[in-house]
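Residue numbers (this note's numbering), protein chains in the order written: chain A, 75 to 355; chain B, 75 to 355; chain C, 75 to 355; chain D, 75 to 355.
Check before you lean on any hint, since a few could be wrong.
One copy or any two copies: either way a pair holds, since identical chains are not told apart in the list.
[What the hints assert, rightly or not] Okay, derived cross-link-like pairs now, SDA-like style, lysine to any residue, Cα gap no bigger than 25 Å in a straight line:
#1 K130 x V144
#2 K219 x I229
#3 K130 x S258
#4 K88 x R153
#5 K130 x A224
#6 K126 x I289
#7 K130 x I229
#8 K219 x V233
#9 K130 x T288
#10 K130 x L173
#11 K81 x H132
Everything labelled a hint here was simulated from the structure, so no lab data went into it.
Letter by letter, the chains look like this.
There are 4 protein chains.
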Amino acid sequence: MKHIKTKYEILRQKTYILIHGSGTIAGKTFDLILLGVILLSLLLIMMASISKFDNKYHSFFYISEWIITVFFSIEYILRIISNKKPLSYIFSFYGVVDLLSLLPMYLSFFIPGSEVLGVIRTLRLLRLFAILDLIPILNQSSHIKESLRASMNKIIVFVYFVIVMSIVLGTIMFMVEGGHNGFSNIPNSIYWCIVTMTTVGYGDIAPITPIGKTIASFIMIMGYGIIAVPTGIVTAELSRNRKSKDIKNNCPRCKTYIYNEFANYCYNCGEKLIDGTVEIN
Amino acid sequence: MKHIKTKYEILRQKTYILIHGSGTIAGKTFDLILLGVILLSLLLIMMASISKFDNKYHSFFYISEWIITVFFSIEYILRIISNKKPLSYIFSFYGVVDLLSLLPMYLSFFIPGSEVLGVIRTLRLLRLFAILDLIPILNQSSHIKESLRASMNKIIVFVYFVIVMSIVLGTIMFMVEGGHNGFSNIPNSIYWCIVTMTTVGYGDIAPITPIGKTIASFIMIMGYGIIAVPTGIVTAELSRNRKSKDIKNNCPRCKTYIYNEFANYCYNCGEKLIDGTVEIN
Amino acid sequence: MKHIKTKYEILRQKTYILIHGSGTIAGKTFDLILLGVILLSLLLIMMASISKFDNKYHSFFYISEWIITVFFSIEYILRIISNKKPLSYIFSFYGVVDLLSLLPMYLSFFIPGSEVLGVIRTLRLLRLFAILDLIPILNQSSHIKESLRASMNKIIVFVYFVIVMSIVLGTIMFMVEGGHNGFSNIPNSIYWCIVTMTTVGYGDIAPITPIGKTIASFIMIMGYGIIAVPTGIVTAELSRNRKSKDIKNNCPRCKTYIYNEFANYCYNCGEKLIDGTVEIN
Amino acid sequence: MKHIKTKYEILRQKTYILIHGSGTIAGKTFDLILLGVILLSLLLIMMASISKFDNKYHSFFYISEWIITVFFSIEYILRIISNKKPLSYIFSFYGVVDLLSLLPMYLSFFIPGSEVLGVIRTLRLLRLFAILDLIPILNQSSHIKESLRASMNKIIVFVYFVIVMSIVLGTIMFMVEGGHNGFSNIPNSIYWCIVTMTTVGYGDIAPITPIGKTIASFIMIMGYGIIAVPTGIVTAELSRNRKSKDIKNNCPRCKTYIYNEFANYCYNCGEKLIDGTVEIN
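So here's chain A without its partners, still in its complex pose (with noise of 0.2 Å):
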C-alpha cells in the first residue's frame, strides 16, 4: 500500500507542494500570487474605508470584495485538503484567520452589513511573515525571536509594574485634579497616566492644577527612567547571544576554557568539538 498512490493522493501531494513547497517554481510563484491578492485585498478595503471612494465606486469594491473571497475560500478549501492532517491547520493560528477572513462575506447573506466585518481580513497580512520567511535576509529574525523570547519572563515583570503604577497614580491624579480636566473618572485618569509613562503624551488630557503638573512632572521623569528597564533586558540578552555564538569558550564536557577557536578537540580532556564550535550552556 506505501508505494501505491491513488490519483487523488497525487493531486493532494501536488497541491501540498504548490502550497507549501516555496522551493519550487509552482511553489513560488503561488506564493508571490497569494502575496499579490493579500495586499491588493488589503489596499481595496483601506479605499474602501474611505468614504469619498466608497460612495462613487461602491459596486466595483463589492464585486472585487466577492472576487477575492471566492480566491481566498478556494485557497483555504485546498489548503485543508492538501495537508495530512487537516485539523491541525483549520485549529491553527493561521486556519482561524483564514477562516474569518472569509465569513463576513457569507454571513451578508443572511445578516446585510456584516461584510463590513471583513476587515478582518487585514490579519492574513500576518501571513507575509511566512511567505517572507523565503529571502534569506528575514532568517535573521530567529535571532531577534529567541533574544525576545528569553527576556519574555521579565518584560511581563516590568509591564506589570508599569500598570500597577499606571493604577495608582491615575487614582492619586484623579483625587488631585479632583474629576476636571479629562481626568473625569479613575479609568480616563489611568488611561492619561500610561500615555505619560509611555511618553506618547497625546494632550487629550493634560494636568492643569500646580499640584497636578508637579505630579505629572515626577511621574513623567519616573517614565523616562523606567524606559531604560525593557531596553537594557532585551539588549543584555543580545549582547549575551551574540557572544555564545561569537566566542568559542569552554568545552562542553570539562568545562575548560579553550584558547584556539578552531580547536577540533578540546586540549584538556579530548572532547570532540561538534563543527568547531563550543557553546555555552
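Since chain A is already given, all that's left is putting chains B, C and D on it; use the hints.
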C-alpha cells in the same frame, strides 16, 4: 514553657500559616481570595468614579464598599494578632497601606463625604507583588531589582541633572516667550520643559515665537541624547549582573581566575567553592 | 600618448584638484566657499518661505536665487568636465541632486511659478557630510556607519514588524472607534497607530470610547517594550565592533588567542601581526 | 617672606577656607547657608513670576530680592578677594554667572524694569553641582561624565545627522503640505520635523494631507530607529568604562594577561602594579 502551646498560641500559628504560608493549600486559597477581593474592590472604586454608573447604582456601590471594608478589617486584625511582632507589621509599608485603606469608610461616620478617600485602597494593589511572588516566573524580578538598586546612585545624579536643566531652561523659555502662550509663569515653563525633555510632549503649552521654537528644538535634541544615559546605566548594570551569574571567574578567597566552571575547589588556595558557583565580588 | 598632456588635460586636472583635492589650499578654500554658499542659499530659501519677508524683499530674494543658481551651474559644469568619468558623476546621488537643484530656476522661464521647486536645493545640504568629512572628528562616523550597516537586516525585519502591527491594530481601532473621532478611515487609523507606537503622540487623533482607550493603552505599553529592540540591536553591534578594535584576541591566520597586546608575531604560527593589531574576523 | 603672613593674608586664608574648605565645619555651614539662600532666591523668583502672587506681595518680593542681592554681592566680593588668582575666578563660568545674577538689580536704578532680568539668577542653581559634590553619592557622576566625554564626538556626528535630516525632511513636508496646516514656512516645518523625530510630538503642527501623513509615518519610524544610536553609543562606552575598572587584564608594561586580580607584580615582567589595579589603555 517552650514546648507548651496554649490554645491561643496554636490558633495564632494556624492563622499565621493561613496568611503567610503560601506553600500550604489553605494559604494558597487565602491568597487567591484576597487577590480576588482586591481586584473586585478596585473595579468597584473605578466604576463608582464614573458618574454615569454612580448615579444609577449608588446604593449598590455603597453597600459593596462596606462589605469589602469589613472583610479587609478582619484581615487587618488577623494579620496583627497572628504576627509575633505586631508592631513591625503595623508600621511596615503594607501595614500603613492596609490601615489607610480602611480608615476613610469609618471616618465617614463622623465626617460625611470622607468616604471618597477610599480610593487610597488602590495602593493595596501593590500587595499583588507579594502575592504573585508565588509564581516562579516573578522570581526574575529580583535580578532586575538588584540591577536597579546598584544603578540607583547614578540614576539619582541623572534625575538631579534633568531637574536642574529643566529649571534653567524653563526660566530661559519664560523670558523668551514673554509670559504668553501658556508660558505664563516660571513653574509652568519648567513643567513644559520637563514635558519636552522627557519627549512626552502634550502640546498644551508650545512655543510660538521663532526664538522659542529654536530653543525648544535644542532642548528636544538634547533630551533625545540624554535619554541614552539611564538606558546605558541600567543596561551596563544588567549585563554585569548577568556576567557574574553566567561565568564563574574567581575564587572568593584568593580571587584567582578559575577556568573550570565545574571546579569544586580553587586550584590556587584550595577554597571550597559553594554549589560550584564562584561570585565576582 | 600617456605622458603627453594637452592644455585641456592640465586644466581638467587642476579643476579636479580644486574640487576634490581637499588636502590642498585651493581645494580647501573651494570647499569652504561652497559650504558658505550652500548655507547662504539655504538661509535665503528659508526666509523666502516666510510670507512676511517675501512680501517685503521679493526682488532681493529673486535676484539672489539667480546669482546662486548661476554659481551652482558653473560648479556643476566644472564637476562634469573635470571628472574622468563624467557619467558616473551625473548619475550618482550627488550628481542628480546638483542637477535637480538647478532645474527649477531654468524651468521657470517656460513654466512660470516652477521656481518654488527650488527648495529641492536643500538636499544639497547633504553634501556637507562630504565636505565636513575633512574634519577629523567626523571620521568617527565610519564606526557608527559600520555598526548600522551590520544591523541593517535586523532593523528591516523590525520595521517590517512595526508596519504589519500598525496595519492590523489600526484596522481594529477603525472598527472599534466606529469611524468617528478622527479614525475616519483605515489609512488614518494606521497613521494614528504609527504615531502612537513610536511614542510621538500628536493628539490630533485620540481614542474616545472606553474600548478604544483600552486598546490604545495596550498598544502604547507594547510600543514601549518594542522600542527596546532596535536599541538592543544597535548597542550589541556597537559593543561588538568596539571589542574587535580594543582587544587583540586572535592571530588572523591560525586564530590562536594572543595574550600580549603588543605582540608582533603570533606565538603559535609565526604570522606577522600588522601594526600590532589583531582583528576578530 | 614665605613664613610671614600679614593680617590681611591670614584673613584672606580664613575666608578662603570658609568658602572653599568644605571639609571644615565653618566651610560646611557656609555651603549649606549658600545652598539655602540659592533655593530661597529661586523660590521667590518663581513665585514672583506668577502674576496672582506678584499683585498681592509685590513689595515683599521687591525687598527680598534686594536682601538676596546684597547677600550675593558680599559673597561675590569675598570670593574675589579670597582667591589668589581673582581673575581666573571672575572669568570662570561660575564667576560670570555670579556677576550676571547681581547686575540686573543694580541696573534697575538706571534702567527701570531691568530687574526682571534677575531670573538669570536661576543659573546659580548650577552651583548646586559643586556644593552637593560633597555628598559621596554624587561622586558617581564622574563615571558618567567620563563616558559622555568619550562618546561626545560620536554624539556630535549623530546630532549633526539629525539636524541635516530635519532640514531636508522639513523642506519636503513644506512642499507637500503646501504652506497650510501650520507648515506655514520652512523654519516651522523644520521645527515640526525635530518635534517628530525626537518623538516629542506636541501636535500644534500636524500633517493633514494623505501624502504628508505617509511621509510623517516614515519620519516617525525612522526616528524610532535612530533613537537607538545615541543609546547604543553611551551604553557601549559605559560598559567599556566599567570593564576597565572591574577586571584587571593586562600588565601596563608588557601587556601580559594577568589572571590573579590581587597580584602586586606582573608574573611575567615583574612590573609593580600600582594599587593592585591594572589599566587597559
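Checked hints:
1. K130 x V144: within (24 Å within a copy, 49 Å between copies)
2. K219 x I229: Close inside one copy (14 Å) and across copies (13 Å); limit 25 Å.
3. K130 x S258: Between copies only: 17 Å across, 41 Å inside.
4. K88 x R153: within (12 Å within a copy, 60 Å between copies)
5. K130 x A224: For K130 and A224, neither the intra-copy (51 Å) nor the inter-copy (48 Å) Cα distance is at most 25 Å.
6. K126 x I289: between (45 Å within a copy, 22 Å between copies)
7. K130 x I229: neither (48 Å within a copy, 40 Å between copies)
8. K219 x V233: both (18 Å within a copy, 14 Å between copies)
9. K130 x T288: between (52 Å within a copy, 23 Å between copies)
10. K130 x L173: neither (30 Å within a copy, 41 Å between copies)
11. K81 x H132: This pair counts as neither: shortest intra-copy Cα distance 44 Å, inter-copy 71 Å.
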